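Protein chains in written order, with the working numbering: chain A, 1 to 324; chain B, 1 to 324.
The reader is advised that the hints may include incorrect statements.
Claimed, not checked - To spell it out: a stretch of chain B is covered by chain A in this simulated footprint if at least three of its residues, at any positions, have a beta carbon under 8 Å from a beta carbon of chain A; those stretches are: (1) 141-150; (2) 203-214; (3) 233-243.
As the list claims (entries may be wrong) - Below, computed lysine to any residue pairings styled on SDA-like, alpha-carbon distance capped at 25 Å: (4) A:LYS26 to A:GLY273; (5) A:LYS26 to A:GLU267; (6) A:LYS229 to B:ASP250; (7) B:LYS186 to A:ARG256; (8) A:LYS229 to B:LEU85; (9) A:LYS26 to A:ILE274; (10) B:LYS186 to A:SER189; (11) A:LYS229 to A:SER189; (12) B:LYS186 to A:GLY273.
Don't read these hints as lab results, they were simulated from the structure.
Being a predicted model, the structure only gives us computed values, none of them experimental.
All residues carry an ideal CB built from backbone N, CA and C; glycine is no exception.
Protein chains: 2
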Amino acid sequence: MKRESSTQEITAVASPSLALLKYWGKQDGGINLPATPSIAVTLGGLESRARVAFAPDGTGDLIILNGREQPPHHFAPMLNELRHLARDERGFVIESSNNFPTAAGLASSSSGFAAVAGAAARLLGLPTEPEQLSPIARIGSGSAARAVFGGFTLWPAGALSATALHPVDFWPELRVVVVTVSAGAKSISSRAAMEATRRSSPYYEAWVRDAAALLEDGIEALAERDLEKLGVIMRRSYMRMFGSMLAADDPILYWRAGSLNALLLCEELRGRGIQAWETMDAGPQVKILTEESSVELVLEELQAYFPEKTPLVASPGPGLRFVD
Amino acid sequence: MKRESSTQEITAVASPSLALLKYWGKQDGGINLPATPSIAVTLGGLESRARVAFAPDGTGDLIILNGREQPPHHFAPMLNELRHLARDERGFVIESSNNFPTAAGLASSSSGFAAVAGAAARLLGLPTEPEQLSPIARIGSGSAARAVFGGFTLWPAGALSATALHPVDFWPELRVVVVTVSAGAKSISSRAAMEATRRSSPYYEAWVRDAAALLEDGIEALAERDLEKLGVIMRRSYMRMFGSMLAADDPILYWRAGSLNALLLCEELRGRGIQAWETMDAGPQVKILTEESSVELVLEELQAYFPEKTPLVASPGPGLRFVD
Numbered sequence: 001m002k003r004e005s006s007t008q009e010i011t012a013v014a015s016p017s018l019a020l021l022k023y024w025g026k027q028d029g030g031i032n033l034p035a036t037p038s039i040a041v042t043l044g045g046l047e048s049r050a051r052v053a054f055a056p057d058g059t060g061d062l063i064i065l066n067g068r069e070q071p072p073h074h075f076a077p078m079l080n081e082l083r084h085l086a087r088d089e090r091g092f093v094i095e096s097s098n099n100f101p102t103a104a105g106l107a108s109s110s111s112g113f114a115a116v117a118g119a120a121a122r123l124l125g126l127p128t129e130p131e132q133l134s135p136i137a138r139i140g141s142g143s144a145a146r147a148v149f150g151g152f153t154l155w156p157a158g159a160l161s162a163t164a165l166h167p168v169d170f171w172p173e174l175r176v177v178v179v180t181v182s183a184g185a186k187s188i189s190s191r192a193a194m195e196a197t198r199r200s201s202p203y204y205e206a207w208v209r210d211a212a213a214l215l216e217d218g219i220e221a222l223a224e225r226d227l228e229k230l231g232v233i234m235r236r237s238y239m240r241m242f243g244s245m246l247a248a249d250d251p252i253l254y255w256r257a258g259s260l261n262a263l264l265l266c267e268e269l270r271g272r273g274i275q276a277w278e279t280m281d282a283g284p285q286v287k288i289l290t291e292e293s294s295v296e297l298v299l300e301e302l303q304a305y306f307p308e309k310t311p312l313v314a315s316p317g318p319g320l321r322f323v324d
Numbered sequence: 001m002k003r004e005s006s007t008q009e010i011t012a013v014a015s016p017s018l019a020l021l022k023y024w025g026k027q028d029g030g031i032n033l034p035a036t037p038s039i040a041v042t043l044g045g046l047e048s049r050a051r052v053a054f055a056p057d058g059t060g061d062l063i064i065l066n067g068r069e070q071p072p073h074h075f076a077p078m079l080n081e082l083r084h085l086a087r088d089e090r091g092f093v094i095e096s097s098n099n100f101p102t103a104a105g106l107a108s109s110s111s112g113f114a115a116v117a118g119a120a121a122r123l124l125g126l127p128t129e130p131e132q133l134s135p136i137a138r139i140g141s142g143s144a145a146r147a148v149f150g151g152f153t154l155w156p157a158g159a160l161s162a163t164a165l166h167p168v169d170f171w172p173e174l175r176v177v178v179v180t181v182s183a184g185a186k187s188i189s190s191r192a193a194m195e196a197t198r199r200s201s202p203y204y205e206a207w208v209r210d211a212a213a214l215l216e217d218g219i220e221a222l223a224e225r226d227l228e229k230l231g232v233i234m235r236r237s238y239m240r241m242f243g244s245m246l247a248a249d250d251p252i253l254y255w256r257a258g259s260l261n262a263l264l265l266c267e268e269l270r271g272r273g274i275q276a277w278e279t280m281d282a283g284p285q286v287k288i289l290t291e292e293s294s295v296e297l298v299l300e301e302l303q304a305y306f307p308e309k310t311p312l313v314a315s316p317g318p319g320l321r322f323v324d
């Protein structure tokens, strides 16, 4: 036990991982092992910041997210794994906050768990390379396995860890316009929705099979930085993900009127030759992949539908980093 | 050839058939043989009216729908079948009109083809009982096989004809509130969308398999006039139909922002104990099954989302009838 470090605190920052090909559904045999392979980009500018210190002797984990204490059980498996690896039984005091809406389909759990995993690992004296942290962060939230990396990542089906596909500067012209259709927390967590889909959707098997078939083309389109080619595959992936959810019993529907307006706008823009390719996750928000040169136009067009909102514009961002 | 009847004209009226369990996809081996069984209600008050006469000697079919001449090839297979049955080669002059939006997902083709089939059959001296007309009307548009009947119908998978399940007065309290979200014609015909789903959706097989599994429960819920039980099954059916379309390549999406608002409103109403169960077809419109006693409230709530629209309220309606 390294009692000498008990007054230390570590702050880590991570950005959310936006899946271009979707992770939806878990395999048996481990915690958060994905049934489908995913490809993702880490979104610079959106940040989860976690400050981790040891808890006073003999007390358990205290977790405060955006100023509110959280039930510790969501964090326990990941924190226990870290304690196990470090052979250190102390509890943690964790304060985490996001500079973007939480639990609203903006992958805040990917960046949140990545930041906490990183800060706690460093506090414990464990290695903090993304390759080492990925399988640990995964235990907290599947997509956190990707968010520890910057740039572009691949998380194969069934894998304990994600891997880096391309570095953060691989595609400098790429932009992601994040339209926050509704900032409220989602009605059903992605964890619960995935499980309901697996359990009750007659399309789940086909979803898993088909997602594997999309992977090779997705990797190729990304390697070529071909936004149109990638966009077509992205749409297949997210539409099939949502199709598998609609078929669940009860049907799961994260879309809101504004989501549809945003995605129909993208369709219209593409009809006018503008590369604007949307994707969505477990929530009503819409993320539009476009090129730097089209961002202004996309924002202008969005203005008509969302006069009171200013979308975030993200570039491919860095992975986990520490704040001294 | 019955030349003596050449100055006669017949007018028939039919109402659209709203599927509660959906027909989506065709089997091989015939024209419009459904891959999935459907259960439907014929919607009183919405009417297609067809006036049919023989064309002048030696001229082909002339078809005018809502005042506009139509390419005759959509009607040819059904009209040829009628001519074949009657051993009469004459062409028809057909004028058809709807008192509700056409080709916008309100099943106007079901009522339109049913009315034309009926009027032409009578003109030709053929039998006009729904049982006789159903397999003929089906050739024009699958769901027309149901629309020749009033009340509640069943159209089994692969069947040449629909059959009557319950008469028009079986469930007098049932109402269908038809919200015309957008009156424009749909972007892709249901015929083309079905075919694209069959050809390219990885969920199509599961859709067909699952639709068969829903049938028994659907028939039972309808027999019991249990709106809640029926509503749950209806939602499964239409959500899975749309899920199979989202997964097509390219994705097929008929929903518009207003569609989502209407269906989320139904969810909210159900949360307040009001029986309001929506369904949708190939188009953005939303049809809400409710009870007579709740219609006023449903209309009031819809008013907030659709201030400029007055939804139609239909009851179970009669089948094909003739106007003297």
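Provide an ascending list of the numbers of those earlier hints which the structure does not satisfy.
1, 4, 5, 8, 9, 10 and 11
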